[in-house]
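The chain contents come next:
2 protein chains.
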Amino acid sequence: MDGFVKVNSADNVAVAINDIEKETAFLDGVCARSDIPRGHKIALEDISAGAPIIRYGTTLGYAARNIRKGEWVNESMLKLPPTPDVTRMTFSAMAGWDFPHTPPKTTFEGYRNPKGGFAGTRNILAITTTVQCVAGVLNIAVDRIRREILPRYPNVDAVVPINHAYGCGVAIDAPDAAIPIRAIKNLMDNPNFGGEIMVVALGCEKLTADRILGEEDNNRDNVIVLQELEGLEAMIGAISKMAESKLKRLNERKRETLPLSELCIGAQCGGSDSFSGITANLAVGFASDLLVKAGATMLFSEVTEVRDAVHILAERCVSREVCKKLADEMRWYDDYLEKGRVDRSANPTPGNKKGGLSNIVEKAMGSIAKSGTAPIVEALSPGEKPERRGLIFAATPASDFVCGTMQLASGITLQVFTTGRGTPYGLAAAPVIKVSSRTSLKRTWKDLIDIDAGTIATGESSIEKKGMELFDYIIRAASGEVMPAAEKYGIANDICIFNPAPIT
Amino acid sequence: MDGFVKVNSADNVAVAINDIEKETAFLDGVCARSDIPRGHKIALEDISAGAPIIRYGTTLGYAARNIRKGEWVNESMLKLPPTPDVTRMTFSAMAGWDFPHTPPKTTFEGYRNPKGGFAGTRNILAITTTVQCVAGVLNIAVDRIRREILPRYPNVDAVVPINHAYGCGVAIDAPDAAIPIRAIKNLMDNPNFGGEIMVVALGCEKLTADRILGEEDNNRDNVIVLQELEGLEAMIGAISKMAESKLKRLNERKRETLPLSELCIGAQCGGSDSFSGITANLAVGFASDLLVKAGATMLFSEVTEVRDAVHILAERCVSREVCKKLADEMRWYDDYLEKGRVDRSANPTPGNKKGGLSNIVEKAMGSIAKSGTAPIVEALSPGEKPERRGLIFAATPASDFVCGTMQLASGITLQVFTTGRGTPYGLAAAPVIKVSSRTSLKRTWKDLIDIDAGTIATGESSIEKKGMELFDYIIRAASGEVMPAAEKYGIANDICIFNPAPIT
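From first to last, the protein sequence lines stand for chains V and S.
Positions 0 to 503 (numbering that gives the first Met the number 0) are the ones given, in order, by the first sequence.
Positions 0 to 503 (numbering that gives the first Met the number 0) are the ones given, in order, by the second sequence.
Check the hints yourself; a few may be wrong.
To be verified - A partial selection of chain S residues facing chain V, derived with a Cβ cut-off under 8 Å: (1) Ala24; (2) Phe25; (3) Gly28; (4) Val29; (5) Ala31; (6) Val133; (7) Gly168; (8) Ala170; (9) Leu257; (10) Thr348; (11) Pro349; (12) Val401; (13) Lys445.
Stated by the list, open to error - Below, in silico cross-link-like pairs of lysine-lysine (DSS-like), each with a Cα-Cα straight-line distance of 25 Å or less: (14) S:Lys78 / S:Lys68; (15) V:Lys487 / S:Lys384; (16) S:Lys445 / V:Lys240; (17) V:Lys104 / V:Lys292; (18) S:Lys464 / S:Lys445; (19) S:Lys253 / S:Lys240; (20) S:Lys324 / V:Lys338; (21) V:Lys338 / V:Lys324; (22) V:Lys384 / V:Lys114; (23) V:Lys323 / V:Lys5; (24) S:Lys240 / V:Lys445; (25) V:Lys353 / V:Lys68; (26) V:Lys324 / V:Lys292; (27) S:Lys338 / V:Lys338; (28) S:Lys353 / S:Lys5; (29) S:Lys114 / V:Lys324; (30) V:Lys240 / S:Lys487; (31) V:Lys78 / V:Lys384; (32) S:Lys184 / S:Lys324; (33) S:Lys247 / S:Lys114; (34) S:Lys323 / S:Lys338.
If you're looking for bench data, these hints aren't it; they were derived computationally from the structure.
Given the structure is predicted, the values throughout are model-derived calculations rather than measurements.
Glycine is no exception: its CB is placed at the ideal position from the N, C-alpha and C atoms.
Same shape as in the complex, but just chain V (with noise of 0.2 Å):
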């Protein structure tokens, strides 16, 4: 099979390597009958309509006509497979998980936080908005903070403003509503903020200030009111005041060695293509489940990426009550999805297609490879924290922007991110690690990838050898000894909160 990657003994057809010619003939009897681009599927078989047509030994879809051995599979020729029903899943109790591997390290230098829970990568301080309204007044004073104050409390790695789209003009109390207020609520606690509650508010927006802080956090210490000061000299004024005083107590923090069972980490992929699955999501998995075996917690997500795996995922929820809220989550999208009147069908991408990935069932198999082979401890919804340590499914929308800050709000402290395609995304918050699916895009984007992982399909290197690397590289970059590319060129996306309820 030089040339194509076949992933499991059942598949009747593999994943092109490289630019294939028309007529190039395989070691097993199988010749292109045309030019086959990088990362497509060709037929290995005679595939009659109606067939199933597998892939990873599940059936992405079934032949939509007559397939002859050697032809090039796109996503034309497949009609998808029902959704799988998320009222009868099955679960199983996975108490043998064993992963046969040893975590070469069981330790970190993170930020333990005062309130407990997850440690930080990072000392950052956060100025959380209440409403977009503020936006441009923060803005002015946050660039002022950079430049005039933080250079005087050098333990603190940056100021970053939590500015969003919500917050006014919004019906706040509808149902759906609970999800933007829980995701700005919990962005706040993200371990990265060291514990420090900064609140910049109108004063006549509809999520005032008792709706994302406690009794005790709602004073003046923590929270600034616009509409109460006099003008914007006094407004900035306030903001740098209140940032320094937060600034110095971040500066007292220092990173201490912390067991891994104190940090939380996301998983992400986006600009997918069909070796996503293949090499960089497998190596993903590797790591996650080293990360899982060592103590760590590590979160994956996108409803819309997994729900035609999702059957595959119930069986590896440790209790009833984790694959129901399981099932729950995917229902709530379904049901999302409907009123908007679309399917599933909306996802893959014109890129990811480009990439040989046909349908939504072949990207959700290659995606949920992430997760390696832990036992599901949890699933959450958008924005909710973990309360328990190891593999979780958190629940939110495959939007790498609306993910990324959804898994923040879960509380993340670090993020690893593949990409096929490529995509020069970063969170201000949190590092973000950059791994390539391919070899090429290494090279084309040589600054901005951290890891190659298409080594492993030309079979330079190997999944358990690239887990191991990426193993080391989290470690490092949570401990603060390397700077992933986004990180160290200050590459950072907006915070795009989901909000599904309406705005008005």
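Since the structure of chain V is provided, determine the placement of chain S on it from the hints.
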């Protein structure tokens, strides 16, 4: 009625101009039965349970219990009347509209555009994005362009990145996706951007460049695809180089004397109180009538805040078609809110209520005052561009930052913004003139409020005088002779596009 404002002779409530103490008596025999906060309503006569409570000559609601003359009438005492039925609205041709005042000016100094249409009030390079993924890189490039390149082109006012949360991880073919896509497409054509097209794309997003660009514009002179470039420096280099070629051309633009028919401005209110509808919004309405009479185009918006007064707007529509489009937009929004399981009672905000606005009917009556008395020549779907000139209803959410973004997409080159409670709102792509509804706000925020209309309530000024003053200020701001506060200080909100379709 010293101390109170009664708007219409049919009204059975009046509004306190200042905080009123219990037992204060007024000329016409009304005596306050409790302290009444400024901006709140007092009953001018006994009102029986179930009887209408009338302000602006319109029923705001029905008394929830017997209310005695002199009582404070707050939101708990009103029951909402039924929503106006948009299926049975009547329009009148309004052929006889004649506003009995003469515009003191019929020209302004603007930037004519190569493709015709409205003229610019500013000369700005906009860099549009197809997707949020590129925002991190674009922001780095824009910082560099502002520092190193823009100073060489002194006739250009600013470089503005059009970053937004749309573009991927969205249901791009959902019926409602037409709204955000149109908004991004039309934003690029804002007259302040001088007809220069510059788009930064990623390469695998759902919002491909051809969805927002015509064939003639979709080429390498206008579109940069990050996935085609070799790393961050190449990306920043390519963006800087394209920006410079656009800046060179924009730098040739010169202001010239143009008829007001080439001016398109927007009106909006935010952080309203019950003074908004008796001071600031009436002054804007007067200025709007002057502008429309002089040939200008004036957009007003905010569906949820006109919904309960829409039958009054319908009567001002110039044709059955305009009336029907207006009704269609209301119906669309009714459905949208219903899908989210909320209704119009989600508005007003806590701040509005604190300011004395009891319900959405009272808010709507104050809100539509901004539109003056002119005939309504067109109704636009969210983000649509006008085809006619004159007074136009542009359907947008009432959310300040979303309304501002969507009015920019419809082509406004300046916005008049009234506020009672106060907001530091601003737009990067067009000057925003802030008009306060009460003098105390102007006193507190003297550097942020451009015009104080509060003096209308105290009798120191009048609607006509303030309207004239505002008209003059609008022309001078449009002509670049004055910079409103938000522009002067660089206070700008984010681009917040209205996306009612699901994200995936």
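Comparing the hints with the structure gives:
no. : hint                : verdict
1   : Ala24               : violated (32 Å)
2   : Phe25               : violated (29 Å)
3   : Gly28               : violated (35 Å)
4   : Val29               : violated (29 Å)
5   : Ala31               : violated (25 Å)
6   : Val133              : holds (7 Å)
7   : Gly168              : holds (2 Å)
8   : Ala170              : holds (4 Å)
9   : Leu257              : violated (29 Å)
10  : Thr348              : holds (5 Å)
11  : Pro349              : holds (6 Å)
12  : Val401              : holds (6 Å)
13  : Lys445              : holds (6 Å)
14  : S:Lys78 / S:Lys68   : holds (18 Å)
15  : V:Lys487 / S:Lys384 : violated (42 Å)
16  : S:Lys445 / V:Lys240 : holds (22 Å)
17  : V:Lys104 / V:Lys292 : holds (11 Å)
18  : S:Lys464 / S:Lys445 : holds (20 Å)
19  : S:Lys253 / S:Lys240 : holds (23 Å)
20  : S:Lys324 / V:Lys338 : holds (24 Å)
21  : V:Lys338 / V:Lys324 : holds (21 Å)
22  : V:Lys384 / V:Lys114 : holds (14 Å)
23  : V:Lys323 / V:Lys5   : violated (34 Å)
24  : S:Lys240 / V:Lys445 : holds (22 Å)
25  : V:Lys353 / V:Lys68  : holds (22 Å)
26  : V:Lys324 / V:Lys292 : holds (24 Å)
27  : S:Lys338 / V:Lys338 : holds (7 Å)
28  : S:Lys353 / S:Lys5   : holds (19 Å)
29  : S:Lys114 / V:Lys324 : violated (56 Å)
30  : V:Lys240 / S:Lys487 : holds (24 Å)
31  : V:Lys78 / V:Lys384  : violated (38 Å)
32  : S:Lys184 / S:Lys324 : holds (22 Å)
33  : S:Lys247 / S:Lys114 : holds (18 Å)
34  : S:Lys323 / S:Lys338 : holds (22 Å)
The structure is inconsistent with the numbered hints 1, 2, 3, 4, 5, 9, 15, 23, 29, 31, although it conforms to all the rest.
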